[in-house]
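A.B. asks: My request is simple: use the sequences and hints to build the entire structure.
What follows is the residue order along each chain.
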Amino acid sequence: MRVELRPASFAPLAELAAYQAEVDTRLLGQYGALSMFIGTMRDFNDGHAVQTMNLEHYPGMTEYQLQRIAEAAWRQWPVLDGLLLHRVGALQPGEPIVLVAVWTAQRAAAFSACRFLIEELKAKAPFWKREETGQGAHWVSHNTPA
Amino acid sequence: MTIQVKYFASLRDRLGRDGDELESVSGLTVAGVWAALHPKTPLPPNTLAAVNLEYASLEQAVRAGDEVAFFPPVTGG
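First to last, the protein sequences are chains H and P. No gaps in the numbering here: position 44 of the first sequence is 44 in the numbering used here, and each next residue is one more. No gaps in the numbering here: position 57 of the second sequence is 57 in the numbering used here, and each next residue is one more.
There's no promise every hint is true.
Simulated pairs of lysine-lysine, DSBU-like, Cα-Cα distance not exceeding 30 Å [what the hints assert, rightly or not]:
(1) K6/P - K124/H
(2) K122/H - K6/P
(3) K6/P - K40/P
Residues from chain H shown here face chain P by an in silico Cβ test under 8 Å; the list is partial [what the hints assert, rightly or not]:
(4) L13
(5) G39
(6) M61
(7) H86
(8) K122
(9) P126
(10) K129
(11) W139
(12) V140
(13) H142
(14) N143
For the record, the hints were derived by calculation from the structure and aren't laboratory data. Treat the numbers as computed from the prediction; the structure is a model and nothing was measured. Every residue gets a Cβ at the ideal spot worked out from N, C-alpha and C, and that includes glycine.
C.D. replies: Next comes the structure, spelled out in structure tokens:
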């Protein structure tokens, strides 16, 4: 399992391919399912345009809480490996925010654990979005529904 | 020994600083830390708290050397 915060833009599919190669050195033949989620910054939110966004975090607590969330997923489902990358800092629309990928033997656990990781992250990991709209900046006060 | 206090995001902007230091006293709680530092400002509704990187209730005890944080609801992902 790898959990990382990324201060600069990243390419989720290239990251996934690189990590897949590592997974294959350990688990080739054991996994039968890979489920993944990529979250990307939109140019609109809650009915207004968004030009740029800044993602703040709590150094130390954010990494720790992400580890805790991953461990909770591992306890609930037979997960073989996982990758979780999350941006911090200044973002432009179209840039990836988060990548979650989960390798399991069968598909049900892969779907469930991937969904659990992103929903738990959104509910518990200390990140805060500040949007620049062109008419001023504001802190996002709540997550949009799933 | 002191308690390190941190503020994040909109709460930090509102307070105009990213942290405080508080002299530890016995029987201190998370709510007590806020009240000691901000006697004229009630804790904003929905504010979350953490002690030593773990989410904490307002009633949780705080001891010398602890790191206490206050922040608004999280909006990552």
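A.B. asks: Confirm or reject each hint.
C.D. replies: Status of each hint after checking the structure:
As the CA atoms of K6/P and K124/H are separated by approximately 18 Å, the hinted pair is consistent with the 30 Å bound. Of the supplied pair hints, the one linking K122/H and K6/P holds, its CA atoms being roughly 21 Å apart against a limit of 30 Å. Restraint check: the Cα-Cα separation between K6/P and K40/P comes to about 18 Å, which is no more than 30 Å; the hinted pair holds. Nearest Cβ of chain P to the Cβ of L13/H: about 19 Å, over the 8 Å cut. The hint is violated.
Interface restraint check: G39/H against chain P, minimum CB-CB distance 6 Å, threshold 8 Å, status holds. A least Cβ separation of about 4 Å between M61/H and chain P falls short of the 8 Å threshold, and the interface hint therefore holds. The interface hint given for H86/H holds, since its Cβ lies 7 Å from the closest Cβ of chain P, which is under the 8 Å cut-off. Interface restraint check for K122/H: the shortest CB-CB distance to chain P comes to about 4 Å, inside 8 Å, so the restraint holds.
With a least beta-carbon distance of about 5 Å to chain P, the hint placing P126/H at the interface is held under the 8 Å criterion. With a least beta-carbon distance of about 5 Å to chain P, the hint placing K129/H at the interface is held under the 8 Å criterion. For W139/H, the interface hint holds, the least distance from its beta-carbon to any beta-carbon of chain P being 4 Å, beneath 8 Å. Below 8 Å, beta-carbon pairs count as interface contacts, and V140/H has one with chain P at about 5 Å; its hint therefore holds.
Checking H142/H against chain P by beta carbon gives a least distance of about 6 Å; that is within 8 Å, so the hint holds. At a threshold of 8 Å, the smallest CB-CB gap from N143/H to chain P is about 6 Å, leaving the interface hint in force.
Of the numbered hints listed earlier, the single one contradicted by the structure is hint 4.
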